[in-house]
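Q: Sequence:
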Amino acid sequence: TNSSDLYPGFFRVLDSVALVLKEYNKTVVEVSGHTDSTGTTEYNQSLSLRRASTVGEYLHARGINGVRIITMGFGELEPIASNDTAEGRQQNRRVELRLVPIVEGA
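Just so you know, the numbering used here puts the end of the sequence shown at 106, numbered straight through with nothing missing.
FYI, nobody ran anything at the bench for these hints, they're computed from the structure.
It is possible that some hints are incorrect.
[Said to hold, decoys possible] Between beta-carbon pairs, the in silico distance windows are:
id: 1; residue 1: 91; residue 2: 60; range: 25 to 35 Å
id: 2; residue 1: 105; residue 2: 9; range: 32 to 42 Å
id: 3; residue 1: 102; residue 2: 40; range: 17 to 27 Å
id: 4; residue 1: 39; residue 2: 6; range: 14 to 24 Å
id: 5; residue 1: 105; residue 2: 1; range: 37 to 47 Å
id: 6; residue 1: 86; residue 2: 13; range: 16 to 26 Å
id: 7; residue 1: 3; residue 2: 30; range: 18 to 28 Å
These figures come from a predicted structure and were not determined experimentally.
All C-beta atoms in this analysis are idealised placements derived from N, C-alpha and C, irrespective of residue type, glycine included.
Produce the entire structure from the sequences given, and follow the hints as far as they go.
A: Dropping the structure here:
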């Protein structure tokens, strides 16, 4: 869909991520937004970044310092399923989270 709203079922997951980030303060979270191939490349890039930013804002509101939240939008460039079916397009509309340790001196 053309939405960057958070799915209510995702709140618990994000709350758990926030707890982990609070516990391990030498960790950052990479938040990457993705879309299906419907629409223009430019629109999908913008939508994917909005999706990632929405998740980042949620984590920030839970007390995570913004410098520890890296948001990226990949648009339609990294599909995990075929965009030829409705089911595949739904799978491609997603946000992925990756926890990354902060390496001292890097």
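Q: Are the hints correct? Go through all of them and say.
A: Comparing the hints with the structure gives:
1. 91 <-> 60: 25 to 35 Å: holds, 27 Å
2. 105 <-> 9: 32 to 42 Å: At 40 Å between Cβs, range holds.
3. 102 <-> 40: 17 to 27 Å: For residue 102 and residue 40 the Cβ distance comes to about 36 Å; the hint is violated.
4. 39 <-> 6: 14 to 24 Å: holds, 20 Å
5. 105 <-> 1: 37 to 47 Å: holds, 43 Å
6. 86 <-> 13: 16 to 26 Å: holds, 24 Å
7. 3 <-> 30: 18 to 28 Å: The hint (18 to 28 Å, Cβ to Cβ) holds, given that residue 3 and residue 30 are roughly 22 Å apart.
The structure shown violates just one earlier hint, number 3.
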